[in-house]
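2 protein chains.
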Amino acid sequence: MPEATSMFRPLYNILRFIFLRLGSTNGYEEERASLKGKHSSRKEMELLREVYEAISAGAEAFLRAEYSYCAVFVVIFSVIIYMLISWSQDTTIGFLTALSFVLGAITSIASGYIGMRVAVYSNVRTTINAQKPGYMPCFNTAFRAGSVMGFALSGLGILVLYVTLLVFSQYFEQDNWILMMECVSGYGLGGSSIALFGRVGGGIYTKAADVGADLVGKVVHGIPEDDPRNPATIADNVGDNVGDVARMGADLFGSFAESTCAALVIAAQTPDLLAQGWGAVCFPLVVSATGIIVCLLTSFLATNIYPVTSENRIELALRLQLIVTTLLLVPATYVVTNMFIPATFQIDGVSRVLSATQQDVFICVVSGAVGGLIIGLTTEYYTSKEYSPVKELVESCRTGAATNIIYGLSLGYKSVIVPVFILAFIIYVAFSLCDLYGVALAAVGMLGNLATGLTIDAYGPVCDNAGGIAEMAELHKDVRKKTDALDAAGNTAAAVGKGFAIGSAALVSLALYGAFVVRIKVASKIAETNVEILQPLTFAFLLIGSMLPYWFSAMTMKSVGKAAMEMVAEVKDQFERNPELLNPVGTARPDYDRCVAISTKAALREMIAPGALVILAPILTGVFFGVNAVYGLLTGGLLSGVQLAISMSNTGGAWDNCKKYIEANVDPSLGGKGSDIHKAAVVGDTVGDPLKDTSGPSLNILMKLMAIISLVFADFFFAIK
Amino acid sequence: MPEATSMFRPLYNILRFIFLRLGSTNGYEEERASLKGKHSSRKEMELLREVYEAISAGAEAFLRAEYSYCAVFVVIFSVIIYMLISWSQDTTIGFLTALSFVLGAITSIASGYIGMRVAVYSNVRTTINAQKPGYMPCFNTAFRAGSVMGFALSGLGILVLYVTLLVFSQYFEQDNWILMMECVSGYGLGGSSIALFGRVGGGIYTKAADVGADLVGKVVHGIPEDDPRNPATIADNVGDNVGDVARMGADLFGSFAESTCAALVIAAQTPDLLAQGWGAVCFPLVVSATGIIVCLLTSFLATNIYPVTSENRIELALRLQLIVTTLLLVPATYVVTNMFIPATFQIDGVSRVLSATQQDVFICVVSGAVGGLIIGLTTEYYTSKEYSPVKELVESCRTGAATNIIYGLSLGYKSVIVPVFILAFIIYVAFSLCDLYGVALAAVGMLGNLATGLTIDAYGPVCDNAGGIAEMAELHKDVRKKTDALDAAGNTAAAVGKGFAIGSAALVSLALYGAFVVRIKVASKIAETNVEILQPLTFAFLLIGSMLPYWFSAMTMKSVGKAAMEMVAEVKDQFERNPELLNPVGTARPDYDRCVAISTKAALREMIAPGALVILAPILTGVFFGVNAVYGLLTGGLLSGVQLAISMSNTGGAWDNCKKYIEANVDPSLGGKGSDIHKAAVVGDTVGDPLKDTSGPSLNILMKLMAIISLVFADFFFAIK
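Residue numbers (this note's numbering), protein chains in the order written: chain F, 1 to 721; chain V, 1 to 721.
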């Protein structure tokens with residue numbers, strides 16, 4: 001397999017480069033040395049160290065606790081996978097599927113951990129660099145931190161998957177690759193399960209702390225969110241690292257693993273691609289690898305070629321990254337398509353046989369990439385303070401919190417329109433040209449700029465935290481102002497990233513769902529497989545499936561509310577026991593650890609029920625009602641999940657930026673921080689927190705995970721009937 | 001046709017009884033005479049007359065303006081129907097369909113008008129009777145007002161439909177009844193179109209005024225919602241009459257007309273039922289007529305057999321109505337099923353031929369009726385202050401508006417679970433037993449207690465208004481307290497009614513959708529009709545269809561916000577021009593008419609876009625993309641519409657009752673009216689207004705209307721391909 005090793009080398013080099021970059025991010029000490037005596041007093045530096053250590057310890061502790069839960073889950077679930085699949089197929093398949101599952105889970109855990117470490121290291125570096133003149137030093141620090149994570153995760157994901165494929169290919173003959181790919185789909189399942197717990201647990205953690213810290217101001221007058229006297233503030237900062245950074249990484253890693261697995265499963269069922277050999281079958285991986293290289297080239301644009309010299313360039317720089325990556329992906333895809341895909345080939349589609357060309361494959365991948373960009377930019381339009389939707393939201397705050405909420409909800413609903421049209425268009429084009437293989441490739445294409453997306457996603461919380469640290473370390477107000485500007489741009493960019501995440505999740509779940517249908521078709525040996533809407537069982541489960549996102553959101557939203565209220569109670573209690581804390585010039589420090597512990601406990605406790613819902617729903621449906629019911633469940637979940645996820649994320653993002661706009665005091669008639677208009681905006685922001693960071697993005701995983709569970713257990717569902 | 005006239009007589013008697021009851025509701029003068037000098041001073045009585053006249057004039061003016069828009073629409077759309085159907089079939093069918101459409105529209109307009117008149121008459125009567133000792137006089141007045149509307153509408157609907165069928169049956173041979181039923185489905189379309197404009201226009205009117213009046217307190221300190229010095233207060237009261245009463249009537253009339261039409265269309269395609277003759281084909285009408293009689297009997301329970309003697313009996317009395325009606329419906333259905341349905345008959349289903357029995361038909365109808373009750377009671381559980389969901393919501397107000405909103409949204413999401421399981425179960429059972437005929441019958445069964453449902457729906461706003469009038473006429477505080485108790489029970493009962501409305505809408509749209517598929521099957525002469533999910537066009541439109549409810553809600557929510565802000569600006573302006581208005585003991589009266597005009601203009605302006613969306617979406621999809629796309633659009637709209645409608649209605653209902661609970665001051669630690677906790681609850685209530693009264697319930701009509709438009713134009717869609 002000479003191709004195999006030749007593909008391996010550039011991957012290795014990329015990873016090496018990434019880890020070298022990671023190695024140089026030794027954070028706090030280095031920067032501190034470079035700044036010694038320049039901008040910060042000794043006392044400020046001591047405070048910085050204190051804060052840094054508290055955040056670092058809190059994040060470590062939470063991840064350790066969370067991962068020990070995950071480990072238990074992985075062990076139990078891999079045994080279940082082994083047993084059920086061994087029963088319905090054979091023990092080798094069972095073992096290899098379980099092994100892939102464990103590998104996927106471990107990779108996801110590693111991705112999350114790397115993300116968190118990088119973020120924690122870089123927060124304080126960004127704060128320190130924000131004291132230097134200009135925006136370039138701090139922007140570059142935060143951006144580079146983001147890219148370390150982006151490249152580490154995408155590289156790691158592709159590497160582990162590729163090695164797994166290489167090793168497995170020793171056990172399977174070429175005409176059995178379809179079985180091999182099924183085993184490999186366990187990798188996607190592993191990645192996705194951990195992502196679920198990460199998204200839900202991390203999401204509850206971060207938002208419980210965030211909402212709790214926000215609300216403290218309500219209960220104890222004059223204690224803002226990031227005030228060092230606020231006991232919840234360290235938990236809030238820990239949350240940004242474990243919730244926002246680590247989780248987005250795990251989620252997108254899951255999407256990447258799943259879309260690739262879906263494409264591989266379908267490719268292995270296409271004789272013409274099999275005949276072409278390893279390269280053609282592994283084409284989805286080639287696209288992802290190409291994407292990493294393109295992202296790497298583009299990343300120098302923001303830091304070196306066109307650096308951020310002023311505030312209004314920040315958002316532009318981030319946006320340019322996404323646009324340029326996508327534009328470069330088009331010719332790059334063209335080249336690799338020509339290299340690896342046969343000129344024409346037959347696809348044995350889900351309900352018809354069709355003939356596809358190189359050109360068709362190219363169009364599928366590119367429609368995903370370009371469509372993703374348009375979805376991302378739409379998300380930006382609805383959540384950036386530059387455009388009319390958020391401006392209208394700001395105006396609505398003048399008549400109070402209620403109109404702000406009404407306008408915000410309506411903004412979120414409206415923001416669904418364009419992305420859904422784009423998704424429908426991509427699905428129509430890709431499905432028509434290359435059947436479900438096309439849909440899977442469109443998903444892979446949309447995740448082509450994964451590394452850039454992750455960079456931007458990690459950048460945001462790093463800046464947010466840098467600001468929090470600046471406030472806690474009582475640095476000069478200008479530092480906070482600067483990190484706020486970085487953060488505002490990051491918020492918008494994060495919304496763009498969420499757009500990508502949701503769009504790709506929809507495509508991925510459709511592709512996985514398709515792979516599941518094809519699997520059942522193979523198992524049942526019926527040539528024509530129709531998934532009919534007008535069947536009693538299917539229609540009943542269509543309704544139930546489209547209800548699941550609501551059930552899931554109800555649980556996660558309420559968990560945040562509940563945990564936040566526990567947090568507020570603890571804070572109140574601390575202030576009552578130690579009134580000295582309220583003294584603005586006092587030196588008494590609150591007990592941060594208790595708040596960290598509350599968030600940790602709440603997150604771990606509350607993530608179990610929604611996790612069980614997502615994992616058990618398809619399994620129980622498949623076991624008790626059969627595959628027709630599963631068809632309905634998956635379709636329904638996908639259809640309503642997409643809409644709810646997009647609207648929740650955008651509503652939350654818009655509220656956040658609306659508040660930031662008022663705080664920036666650009667329009668003095670709004671009164672700035674502390675005014676009634678600002679208070680109305682804070683209500684929106686607080687409501688938006690769980691929407692945009694807990695429930696909304698978790699729905700991505702709900703859609704994908706239900707589909708991949710069905711795929712992995714397809715033969716089992718069929719066998720027990 | 002001897003059966004025909006014998007069925008006609010009881011209907012006529014029922015209607016006569018109803019109109020006699022209506023005739024005796026001559027409102028204000030009579031009650032005034034009965035109370036002269038007893039409880040109210042001359043000045044109070046003068047104020048009452050003033051308020052009554054202002055509300056009456058405002059409501060008349062709005063309905064006249066709205067109906068003139070509707071008239072234009074009806075004329076244009078009936079011409080379109082005539083032309084398109086004449087082109088694809090023949091001019092007789094075109095003419096009769098257009099005629100049915102006009103009849104449906106006129107009946108709906110008449111229903112809305114009757115509802116409004118009854119409500120306006122009865123508001124002030126209820127206020128006056130609330131001055132008498134005990135709860136019985138005022139409860140009975142409001143309840144009887146509701147039942148006048150309930151019986152008038154359900155009687156009128158069934159009468160016009162039956163007469164239409166009788167007349168049409170002169171033009172069609174028995175083996176052509178299928179064509180006749182298609183013409184008659186225009187009746188459902190007419191009813192539904194007017195309901196759409198009513199729901200949207202009326203919904204925007206009432207909530208613009210309500211939110212506007214609420215917000216005045218925010219802008220001008222110390223002017224509560226119902227203060228006579230609040231210029232928006234009359235508009236608010238007019239809104240309750242035209243928005244809440246008239247609209248619910250039109251909506252449920254639409255559901256009734258459509259479910260009956262769907263069942264008739266399918267019945268006429270079933271040779272065994274046709275062979276049995278008129279009675280078997282008209283069985284759906286028989287069920288509805290039976291329902292009216294059962295409701296009539298039950299209505300004496302609340303007013304005579306088990307009257308409301310204390311406050312805590314109010315909610316019980318309303319709930320008992322629904323439960324007893326449903327219980328009595330079971331044996332009644334059994335009797336009529338045995339009378340009209342053959343022992344066994346063949347159904348030529350949408351994708352199979354199956355054999356059904358009398359028993360099966362009975363189960364379908366009863367599953368709808370009982371399922372509706374369970375859905376209604378679930379709604380009550382989530383929105384009544386008696387149970388833990390609202391109690392938790394009250395607690396969440398302690399930490400401010402943000403937690404209230406988070407908890408409220410999560411409550412709404414959660415409230416979807418049980419109703420969707422019930423709906424899925426009903427669909428599974430009915431679909432399995434009698435194919436789509438079963439689903440249509442389940443919808444008819446769920447609407448069996450239509451008259452009771454309407455009674456309770458109209459009761460709520462009558463009480464709400466009675467309270468508003470009491471405040472404006474500056475009556476004793478106890479009067480307001482009494483009407484508040486009546487209103488709180490009414491709110492919960494209204495939520496139950498909304499549950500029925502949404503549940504039946506889901507079944508109706510599925511039945512209509514099924515009738516559409518069958519229609520296409522007949523037109524295309526292909527025996528096997530499958531609606532496949534995994535087709536490029538269908539899946540793309542599944543996504544688009546499930547996006548439409550969001551698009552629609554975005555428009556309606558924002559319209560309310562916008563109109564409310566115009567209202568607040570006007571109020572501010574009035575207070576600035578005439579500061580004397582602010583004097584609490586002054587006699588200056590604000591210019592109520594300008595506020596009424598603002599609401600009217602906004603409602604008419606803003607109802608056009610969402611109306612066009614709903615009507616044009618299926619037509620454009622059918623014309624440009626064909627029937628496979630329409631399948632996707634309808635399924636998607638139905639799936640996500642149900643969820644969104646239920647969650648919106650329940651969230652809004654719960655917030656409303658949460659606020660009322662705090663205002664009732666049962667728990668002094670909440671601080672009652674004016675406290676910070678109360679302010680947090682008011683934010684929730686204001687946000688809930690458009691959710692529960694504009695967007696949520698309009699989604700019912702979106703689902704049904706898209707399906708019936710597709711059904712009416714089915715042949716046209718097929719012909720232009």
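Treat the hints with caution; some may be incorrect.
The list makes no distinction among identical chains, and a pair is therefore deemed to hold if it is satisfied within one copy or across any two copies.
Subject to a maximum C-alpha distance of 30 Å in a straight line, what follows is the list of computed DSSO-like cross-link-like pairs (lysine-lysine) [unchecked claim]:
1. K679 / K477
2. K391 / K601
3. K660 / K679
4. K391 / K521
Read the hints as simulated data drawn from the structure, not as lab findings.
A quick look at each hint next to the structure:
1. K679 / K477: Within. Shortest intra-copy distance 21 Å satisfies the 30 Å Cα cut-off; inter-copy 34 Å does not.
2. K391 / K601: between (39 Å within a copy, 25 Å between copies)
3. K660 / K679: Intra 12 Å, inter 24 Å, cutoff 30 Å: intra and inter.
4. K391 / K521: Cα proximity of K391 and K521: none, with 52 Å in one copy and 50 Å across.
Violated hints amount to a single one, hint 4; each of the other numbered hints is respected by the structure.
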